[in-house]
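Trainee: For reference, the chains in residue letters:
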Amino acid sequence: MSIIDRDILTITISYILFWLVIIILTIYPLFRLRKTLKKIENFEKNIE
Amino acid sequence: MALNVPKLLKTNLLLVISIAMLVINLLLIVILTSFNLLVWKDNRIVYIIFFYHVSGAWLAYFSFGVSLLSHIQYLRNKKIIYSRIGKNSIIVGVFFTAFTLITGSLWYNATSASYGSKPEDYWQWSDPRQTMTFVLLMSYIAFLIFRSLIEDKEQKTKLSAALGIALFPTVPLSYFSAIIFESFHVLSIKPADPGTIYWNPLKIFILLFNLIGMTIFFVYIVKQLVDLDKKREKLDILIQKRLIEA
Numbered sequence: 001m002s003i004i005d006r007d008i009l010t011i012t013i014s015y016i017l018f019w020l021v022i023i024i025l026t027i028y029p030l031f032r033l034r035k036t037l038k039k040i041e042n043f044e045k046n047i048e
Numbered sequence: 001m002a003l004n005v006p007k008l009l010k011t012n013l014l015l016v017i018s019i020a021m022l023v024i025n026l027l028l029i030v031i032l033t034s035f036n037l038l039v040w041k042d043n044r045i046v047y048i049i050f051f052y053h054v055s056g057a058w059l060a061y062f063s064f065g066v067s068l069l070s071h072i073q074y075l076r077n078k079k080i081i082y083s084r085i086g087k088n089s090i091i092v093g094v095f096f097t098a099f100t101l102i103t104g105s106l107w108y109n110a111t112s113a114s115y116g117s118k119p120e121d122y123w124q125w126s127d128p129r130q131t132m133t134f135v136l137l138m139s140y141i142a143f144l145i146f147r148s149l150i151e152d153k154e155q156k157t158k159l160s161a162a163l164g165i166a167l168f169p170t171v172p173l174s175y176f177s178a179i180i181f182e183s184f185h186v187l188s189i190k191p192a193d194p195g196t197i198y199w200n201p202l203k204i205f206i207l208l209f210n211l212i213g214m215t216i217f218f219v220y221i222v223k224q225l226v227d228l229d230k231k232r233e234k235l236d237i238l239i240q241k242r243l244i245e246a
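Chains as they are written, first to last, in the working numbering: chain A, 1 to 48; chain B, 1 to 246.
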């Protein structure tokens, strides 16, 4: 593999990894929050 | 169910701003690099890894700094919000420390031949910055494990605040290790050379733009994680209430 190809591969891996971290950190709290709110709603309905 | 776009934008404004900044930054890097407007050492484009590597390191150090201040505030005021901010900052910090370590290793691997090391090397235990950052990562992962093991809520917040403060010296140690000791890290090799990364206004602008975008992202994520903790606490109270009733 030429140096330029290796450089491009290294950068691509790094940049994909960066956006993966951003996506995980964005999506995780949103999904967990939605799930928790649903559970709370169900509990409150049951208590009523 | 119809999506309420204005409401979504309003509640996630910080996320929208930070993602827009990061995307603009990415486009800037790609366009400037493809037109050869960003010139690097030996004309190697691998050096554009610098923008994300340094931004990741900045966010990691910043997160641990915020966690230190929050834990100190918690011990002074006993307000649970500070404990939550402290813990969640550490979660974000751990992610970005791991990211920084991985990109640092990839960068080192791509350029190791110019340091006289074996090509294909990813890791040098003899490098103080790399090793100390690894210690930093392990310390804060241990913090999160420790915190999750304690069941009593008051003990959990108190002990984790103390541990969060006690672990903070690993942050300046990681940063200064490359300055005090001999290191392969770019900063310590030629810190004042006008040809290096730190003295190009265009590169500095792109880096600062990225840093601002990532800091806004950090504020948004910690706010979201704190909200999540609040709701989980509410759910716990409801479950306990239900158990008592049963």
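Calculated from the structure, these hints are not laboratory results. Heads up, a few of these hints could be off.
[Claimed, not checked] The calculated DSSO-like cross-link candidates involving lysine-lysine, where the alpha carbons are at most 30 Å apart (straight line), are:
1. Lys38/A to Lys41/B
2. Lys41/B to Lys234/B
3. Lys38/A to Lys231/B
4. Lys41/B to Lys39/A
5. Lys156/B to Lys39/A
6. Lys38/A to Lys234/B
7. Lys10/B to Lys45/A
8. Lys241/B to Lys38/A
Trainee: All the hints need checking, so say for each whether the structure fits it.
Mentor: Evaluation of the provided hints:
With a CA separation close to 54 Å, the supplied pair Lys38/A and Lys41/B exceeds the 30 Å bound. For the proposed pair Lys41/B and Lys234/B, the alpha carbon gap of about 55 Å is over 30 Å, so the pair is violated. As the CA atoms of Lys38/A and Lys231/B are separated by approximately 11 Å, the hinted pair is consistent with the 30 Å bound. At most 30 Å may separate the alpha-carbon atoms for a hinted pair to count; Lys41/B and Lys39/A exceed this at roughly 55 Å.
Between Lys156/B and Lys39/A the CA atoms are separated by roughly 24 Å; this keeps the pair inside 30 Å, and the hint holds. For the suggested pair Lys38/A and Lys234/B, the alpha carbons sit about 12 Å apart, so the restraint of at most 30 Å is met. A hinted pair counts as satisfied when its Cα atoms are at most 30 Å apart, and Lys10/B with Lys45/A qualifies at roughly 29 Å. Distance restraint check for Lys241/B and Lys38/A: the Cα-Cα separation of roughly 17 Å lies within the 30 Å cut-off, and the hinted pair is therefore satisfied.
Hint compliance for this structure: hints 1, 2 and 4 are broken, all remaining hints hold.
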